[in-house]
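*Asks:* For reference, the chains in residue letters:
Number of protein chains: 2
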Amino acid sequence: MVRPKTQRGIDTKERIIRAAANVFYQKGYYGGSISDIANEAGVANGTFYIYFDSKLDLYKYLLSEYGKRIRANSSIAIQNAANRKEAERLGIKSFFEYVLKDQSIFNIIWESLYIDKNLFDEFYSTFAESYAQQLKKAQKKGEVSNIDPKVLSYVLIGITNFVALNSIVLKQEKNTTHIVNEVMKVLENGMFE
Amino acid sequence: MVRPKTQRGIDTKERIIRAAANVFYQKGYYGGSISDIANEAGVANGTFYIYFDSKLDLYKYLLSEYGKRIRANSSIAIQNAANRKEAERLGIKSFFEYVLKDQSIFNIIWESLYIDKNLFDEFYSTFAESYAQQLKKAQKKGEVSNIDPKVLSYVLIGITNFVALNSIVLKQEKNTTHIVNEVMKVLENGMFE
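In order, the protein sequence lines correspond to chains Z and Y.
First residue of the first sequence? That's 1 in the numbering used here, and the numbers climb one at a time after it.
First residue of the second sequence? That's 1001 in the numbering used here, and the numbers climb one at a time after it.
In short, the hints are calculated from the structure, not lab data.
Bear in mind the structure is a predicted one, so any value in this text is a computation, not a measurement.
Any given hint might turn out to be false.
[Unchecked claim] If you anchor each label on the Cβ, the simulated ranges turn out as follows:
1) Glu97(Z) <-> Gly1009(Y): 50 to 56 Å
2) Asn175(Z) <-> Ser1130(Y): 21 to 27 Å
3) Glu97(Z) <-> Thr1006(Y): 27 to 33 Å
No residue lacks a Cβ here, since even glycine has one placed at the ideal position from N, Cα and C.
Whenever a hint applies, use it, and build me the whole structure from the sequences.
*Replies:* Written out as structure tokens, the structure is:
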């Protein structure tokens, strides 16, 4: 992956990335070709190779961009949270709203399991490690219970991902407030009477 | 899909199904051909068509078999549970142990998202509906809190799936007891102090 030096270069690269996201969502990673991506971006095939070495190189870049964007989205959402409980609520809500706007992310991210399962592992490990760091800090402050932060981070990622994919993407439920409220009940008091 | 009438037919069909699971895990649904499956099963291509109309027909059958086996496994595990809390613990533990023995299930089940997303939706909707029924019963008995059972079922499926895939399959953590204990802490008391 080459970092463009001019604004025009930055724009072209961004066009290729957006085109790739569309192509991978519509045709899958294996079904979509570099020609399809170049076509969709309105550039010549040769232009693709100015920025990326291969389809895999572009896919890896796209994956890391999704990771950064999702984490940035969440950081902004929780920046004024008074405590971890409020941060969880705001973070989960912002993820659901992110998914409402871009429903293709699961298809694209989870396809890594079929391209190279280490990419999938790396993607969620990076997420889980940064989550676990935040949870450890909150544990030191006495805001979060004594639960293995590694397991807890996968519990939280699992909840948000599965609820988002199944309820929001597949069932098209738009009332994220209700879903967030119900999820928070579990996180606040558990599920048993 | 044809139901075989003789024991020999049942065995052959079972061999084709197990071969298909291997081929789909190794090469993916699109990468694996009917010839690959017949080869792996040690039968002629024509024999395949005695039992299944197409690769998709076989894939759908495999998916519904996984659903049945996972639910049966869980039903057996929880049959003597005194209450819903014990049932959750036993059900989660049995799923983790199921995954330890057959680590290919996520690859095969989740590929449905790329074959026909309605298959993925149907698979998890069926799971979630049966889960929600059990949760509703437990709510009537006063064992489970007043949480939307549909959301709660996806919360629980999300936890078990993500923890199983990321910790057990990808990180090869074999200490399922520790993981179950940590998950149960969240389900019993929530995650906050």
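*Asks:* Are the hints correct? Go through all of them and say.
*Replies:* Verification of the supplied hints:
The given range of 50 to 56 Å is respected by Glu97(Z) and Gly1009(Y), whose C-beta atoms sit roughly 53 Å from each other. Taking the beta carbon of each, Asn175(Z) and Ser1130(Y) are about 24 Å apart, inside 21 to 27 Å as hinted. Judged by the Cβ atoms, the range 27 to 33 Å given for Glu97(Z) and Thr1006(Y) is violated: they are separated by roughly 57 Å.
Consistency note: the structure conflicts with earlier hint 3 alone.
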